[in-house]
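In the order they appear, the protein sequences are chains A and B. First residue of the first sequence: 1, per this note's numbering; consecutive thereafter. First residue of the second sequence: 1, per this note's numbering; consecutive thereafter.
Keep in mind the hints are simulated off the structure, nothing from the lab. There's no promise every hint is true.
[Stated by the list, open to error] Label-pair ranges, simulated between beta-carbon atoms:
1) B/32 / A/12: 48 to 56 Å
2) A/7 / B/65: 37 to 45 Å
3) A/66 / B/128: 42 to 50 Å
4) A/4 / B/140: 35 to 43 Å
5) B/3 / A/16: 43 to 51 Å
Every residue gets a Cβ at the ideal spot worked out from N, C-alpha and C, and that includes glycine.
As a plain string of letters, each chain reads:
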Amino acid sequence: MNGGPIKRWMFMRQHQWTAARLSEYLDGELSQRDEERVEQHTGMCPECSRVLATLRRTLRELIGLHDEPLPSVADGVIERLRRSW
Amino acid sequence: MRRHADRVYAVVLRFGAPGGEAEEIVQETFVRAWHAIGGFKGESQFFTWLYRIAINETKRHMTRRGTQLERVAADDTPLAEVGDPAPSPQLRAEHGELRAALERAVRALPMDYRIPLVLRDIEGLSTAQAATVMQLGESAFKSRLHRARLAVREAMEDYLDVEETP
Numbered sequence: 001m002n003g004g005p006i007k008r009w010m011f012m013r014q015h016q017w018t019a020a021r022l023s024e025y026l027d028g029e030l031s032q033r034d035e036e037r038v039e040q041h042t043g044m045c046p047e048c049s050r051v052l053a054t055l056r057r058t059l060r061e062l063i064g065l066h067d068e069p070l071p072s073v074a075d076g077v078i079e080r081l082r083r084s085w
Numbered sequence: 001m002r003r004h005a006d007r008v009y010a011v012v013l014r015f016g017a018p019g020g021e022a023e024e025i026v027q028e029t030f031v032r033a034w035h036a037i038g039g040f041k042g043e044s045q046f047f048t049w050l051y052r053i054a055i056n057e058t059k060r061h062m063t064r065r066g067t068q069l070e071r072v073a074a075d076d077t078p079l080a081e082v083g084d085p086a087p088s089p090q091l092r093a094e095h096g097e098l099r100a101a102l103e104r105a106v107r108a109l110p111m112d113y114r115i116p117l118v119l120r121d122i123e124g125l126s127t128a129q130a131a132t133v134m135q136l137g138e139s140a141f142k143s144r145l146h147r148a149r150l151a152v153r154e155a156m157e158d159y160l161d162v163e164e165t166p
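Please put together the full structure from these sequences, using the hints given.
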């Protein structure tokens, strides 16, 4: 990051603010203004850009776990539940 | 019944209960739900209500047994292999190393971080629903979820293609 101390300080403030909101950004839970703020910072910060890209990929894989075949409860357990319900 | 029971079983396993104990927890969850069904007001979806009971039962079960529901050993059985002690080489290949590593990363999270991630990202609840299930404010819930995702991301970094664009 080039620039004087004030620019560096402002950059670090944006960096911390953005890093704390990457999940909300991916979940579409930020206001349009805050979304733009995240995009502006990630566009100029290689670290945040990389974290965002890998977080997006992690999230995609986590969501994919929902579609994994479910392990089955033993038939005996189901029978006992049917009797008790 | 089978579909609901299997869903709760998968969730309880992901919360960190070992396979055999998870079946007991499923039974206790449904029995407790049956006794409390009169208190279900329909303000939340049935399954959201069931999740709440499953979390309580998991914690109760582990406390009773003196089991620490914290980090599960990293070499614990991936969920995809529970109930199938000898998955075929083909099945292993299909699921892939990445999915197995992902399951391990989730199970390595402390319980307070694992539950938000399981509910929101794997079970697909909305932030509001998952926060309600956990009896947390949305802000506190989001904070735990973000930390959990960052921890999994860090554990998975070697498996992820960082060159990928959005």
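Hint check against the structure, violated hint numbers in rising order: Per hint list: 2, 3 violated.
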